[in-house]
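Trainee: Dock chain B against the given chain A, drawing on the hints supplied.
Number of protein chains: 2
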Amino acid sequence: MHIEIVTIGDELLLGFTIDTNAAHIARELASLGVRIVRRATCGDDADAIAAAVREALDRTGAVITTGGLGPTADDMTKPAIASIFGKGMVMDADILAGLEERWRRRFGHALPVSNRQQALVPEGCTILPNRHGSAPGIWLEDGRGRWVAMFPGVPRELRGMLADTLIPRLRDRLPNDGPVIRSRTLRTANIAESALADRLGDLARGVNGLPLAFLPGNDGVDLRLTSWVLPAREAEATLDAAAARIRGKVDRFIYGEGDDDLAALMLAECAARNLTIAVAESCTGGMLGQRLTAIPGSSRSVQGGVIAYANDVKIRELGVPAEAIDTHGAVSREVALAMATGVRQRFGTGVGIGITGIAGPDGGTLEKPVGTVWVAIDLEGEVRAVRALLPGNRAEIRYRAAQLALDRLRLMLTRTVEDGENGWTAQGTETGPQTP
Amino acid sequence: MHIEIVTIGDELLLGFTIDTNAAHIARELASLGVRIVRRATCGDDADAIAAAVREALDRTGAVITTGGLGPTADDMTKPAIASIFGKGMVMDADILAGLEERWRRRFGHALPVSNRQQALVPEGCTILPNRHGSAPGIWLEDGRGRWVAMFPGVPRELRGMLADTLIPRLRDRLPNDGPVIRSRTLRTANIAESALADRLGDLARGVNGLPLAFLPGNDGVDLRLTSWVLPAREAEATLDAAAARIRGKVDRFIYGEGDDDLAALMLAECAARNLTIAVAESCTGGMLGQRLTAIPGSSRSVQGGVIAYANDVKIRELGVPAEAIDTHGAVSREVALAMATGVRQRFGTGVGIGITGIAGPDGGTLEKPVGTVWVAIDLEGEVRAVRALLPGNRAEIRYRAAQLALDRLRLMLTRTVEDGENGWTAQGTETGPQTP
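If you read the protein sequences in the order shown, they are chains A and B. Per numbering that gives the first Met the number 0, the very first residue in the first sequence carries number 0; after that it's consecutive. Per numbering that gives the first Met the number 0, the very first residue in the second sequence carries number 0; after that it's consecutive.
Okay, chain A solo, but in the shape it has when bound (with noise of 0.2 Å):
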């Protein structure tokens, strides 16, 4: 099944919004199997709408539609498709009722009669209920089997009715054993893109005839297993084998699947083992507390921490030793460890994290680019530090930062692992530098 989108909104034409639908449907249709073939995007003209989607429904016969369904005079989309299927507009008794309801309910009055239309409906439709907010979706069909399934833009609300209406209904039009686009993406951190490929070896250039994607970001490289061809359930069992001969190469490095949030399952780890946790931040400035804040539940773990950006701070709430900053300057191992340790103990928790680092763009020096960031972990006493030098600008290497040190736990956590240890290799780039 070939699928064209057509996105309607003169704000997207302007680039005042950036069209997220459209890949969001994308994605969702490849797990069914369907192909997006084509897009485009329009303004709230109910000519251009009409043109657009008429073409769309010529060369595919089948068109998903989001934007211009709202209240306002712009919201053209249900007429201008009405008019390419020879359809005139109908009120919808119940829809209208839900709205009299809505208006009763919400603003004390009766709705107004310019507000009438919203229940204004194409002859024949059927409609879309949309459980996430006013107005309904519309299907349209004609006697050929050509359709169009038209949702509103509000991605929250395209979102939910997705999953509600449009995937149901096409799996009951999809053949129960055709061919799906299925994906499997391994998350690896703090190994650089080159580093990865050269522990793969001959997998970097595909995993049982599956294609591997590369996919460096802030958070690491992802690896991803694509199926193109595959029926559902061969699929998964492809990827499965491929990911585990993956596992076999680089599993030390890989720290999760599809979605998965480092701080999260740190945070998870640290919860079943009844580990509390205290930050002690320096470049990172409060990053490493709030990705860990940001998961709910958080509370049970976390304790809180400092953030020492200056130097003075380090010493006083922290307890480093100034003349370790005197010796071997703010951004080293042993104010690293100082300020994990000083920072357990002061707050009393099972884990404590110190980072210092240099996130620029300036003070960066011939010795200590820009980049150059030590973390430390203090697990109960046992201390590990390592250095690395973190490609990217400012924002860049602060994420990162703050990636290294959860990914330094999770090797503590559940692994043997040395201080300093050769092959923790910077992450990002093809040119991340190892580190000591």
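Calculated directly from the structure, the hints in this document are not laboratory data. The C-beta atom is built at its ideal place from N, Cα and C for all residues, glycine as well. Among these hints, one or two may not hold up.
[What the hints assert, rightly or not] Computed spacing ranges between beta-carbons, pair by pair: (1) B:PRO210 / A:ARG204: 50 to 58 Å; (2) A:ASP311 / B:PRO167: 14 to 22 Å; (3) A:ASN217 / B:GLN344: 21 to 29 Å; (4) B:ASN273 / A:ASP250: 52 to 60 Å; (5) B:THR413 / A:THR19: 33 to 41 Å; (6) A:GLY85 / B:GLY257: 44 to 52 Å; (7) A:ALA270 / B:GLY132: 39 to 47 Å; (8) B:GLY132 / A:GLU379: 46 to 54 Å; (9) A:ASP197 / B:GLN344: 48 to 56 Å; (10) A:GLN116 / B:ALA236: 35 to 43 Å; (11) A:ASP311 / B:THR413: 23 to 31 Å; (12) A:ALA267 / B:GLU235: 49 to 57 Å; (13) A:ALA267 / B:THR413: 54 to 62 Å.
[Stated by the list, open to error] If you want a taste of the chain A side facing chain B, the calculated C-beta under 8 Å gives, among others: (14) ASP18; (15) ALA22; (16) ALA29; (17) CYS41; (18) THR292; (19) VAL305; (20) TYR308.
[Said to hold, decoys possible] Computed far set for chain A versus chain B, every beta-carbon distance over 12 Å: (21) MET88; (22) TRP146; (23) GLY159; (24) ASN175; (25) ILE180; (26) ARG223; (27) GLY303; (28) GLU322; (29) ALA401.
Mentor: Relative to the frame of chain A, chain B by itself:
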């Protein structure tokens, strides 16, 4: 001048990549008065590219493409579009020399024969130099003045090349005094959309003939004025006058314009007054510190702070009286004030900021529902606290709490502000309740 955009790439159609290029192009061209009238996306397929570009060219005679210019076999934009113009491909000696030089310098060996195809270009085209990456852009035009401009899909490269090559080229073709689209955004914080509309009165429906858009987001409600039909100079003058009228009504709530970041503004303001800053964060868990230290040079003002997630930490590290927590609860005026003053005294700074609240999803009560936040500022001994009931999910409440604190600091630095003043409203949605 009307233009269509065609973005090219399987990753876009599959939804693995969000198309941000089209929006960027639209915004840049709008400021020249050029309208994007339609946008299409197709996959890495020569026939699909040729079809989409030919249709767009037939409608407007002016098309911009992104993607498909790289070295891999997927990249077919150049030959597909050359075929529309009835042109063959020829080897460009300068591009070839550049590639050979690049390979020698970067990889230490000669350009592989298979990579020579990157230097093939449509005959009779103009090369658009790329100072931001390796693949140059292509400008192809026929005798009737119909043209296609091809750019790489990498956003950073596209943005640079647009400014370097396309904008000057289009400016030369446009009348000097034609209509342009210009907009002006005034950024407000901590006032609900409905309360803003009430204060603006008639202006909410448009100012000096310019439409006014209300754009609520996590930072607050942005007010965007847009001039659609005036020449550049008149547009700017009309926007100036309209912005001044808006300021006349709601100046107190406006913290900046355009892309202004409230954290950056407050940091600059504190630096100008030689005020140092320390933060005490409970529900935000480090987010305020993170936002302040995201700005280069923040170490001049930010000393650091305490992430006081657990009550013990509030008592021990910030000197919050245990009785205050017992009597009033951790989310209370008394605790916020003790946090702000505690962190200011402890860190010896000019400014102390305390934030405590219930970010949810659990932990709310009838008296203090999820979203209840107390913020306190201690500015050289002058203390003010405010309560807000912030709308949204956990992430939104946390972000808005940090924004509330920054905005409260702005008011204390720039105006007379009373403690718990009336009219101080929660930001965000139409239903955002007033605070006492």
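Trainee: Run every hint past the structure and note whether it holds.
Mentor: A quick look at each hint next to the structure:
1. B:PRO210 / A:ARG204: 50 to 58 Å: 54 Å, holds
2. A:ASP311 / B:PRO167: 14 to 22 Å: 51 Å, violated
3. A:ASN217 / B:GLN344: 21 to 29 Å: 37 Å, violated
4. B:ASN273 / A:ASP250: 52 to 60 Å: 53 Å, holds
5. B:THR413 / A:THR19: 33 to 41 Å: 36 Å, holds
6. A:GLY85 / B:GLY257: 44 to 52 Å: 48 Å, holds
7. A:ALA270 / B:GLY132: 39 to 47 Å: Given a distance of about 45 Å, which is inside 39 to 47 Å, the answer is holds.
8. B:GLY132 / A:GLU379: 46 to 54 Å: Holds: the Cβ-Cβ distance is about 49 Å, inside 46 to 54 Å.
9. A:ASP197 / B:GLN344: 48 to 56 Å: 54 Å, holds
10. A:GLN116 / B:ALA236: 35 to 43 Å: 38 Å, holds
11. A:ASP311 / B:THR413: 23 to 31 Å: 29 Å, holds
12. A:ALA267 / B:GLU235: 49 to 57 Å: 54 Å, holds
13. A:ALA267 / B:THR413: 54 to 62 Å: Since A:ALA267 and B:THR413 have Cβ atoms about 44 Å apart, the given range 54 to 62 Å is violated.
14. ASP18: With Cβ-Cβ at 6 Å, under 8 Å, it holds.
15. ALA22: 4 Å, holds
16. ALA29: This interface hint holds because 6 Å falls under the 8 Å limit.
17. CYS41: 5 Å, holds
18. THR292: Since the shortest Cβ distance to chain B is 3 Å, the answer is holds.
19. VAL305: With a closest approach of 6 Å, the A:VAL305 hint holds.
20. TYR308: Status holds, d = 4 Å.
21. MET88: 25 Å, holds
22. TRP146: Non-interface label on A:TRP146 holds, nearest chain B Cβ at 20 Å vs cutoff 12 Å.
23. GLY159: For A:GLY159, whose nearest Cβ neighbour in chain B is about 15 Å away, the distance exceeds 12 Å, so it holds.
24. ASN175: At about 23 Å from chain B, A:ASN175 clears the 12 Å cut-off, so the statement holds.
25. ILE180: The claim is violated: A:ILE180 sits with its nearest Cβ about 8 Å from chain B, within 12 Å.
26. ARG223: 8 Å, violated
27. GLY303: It is violated; A:GLY303 is separated from chain B by about 4 Å at its closest Cβ, not greater than 12 Å.
28. GLU322: Per Cβ check, A:GLU322 is outside 12 Å of chain B; nearest 20 Å; holds.
29. ALA401: 9 Å, violated
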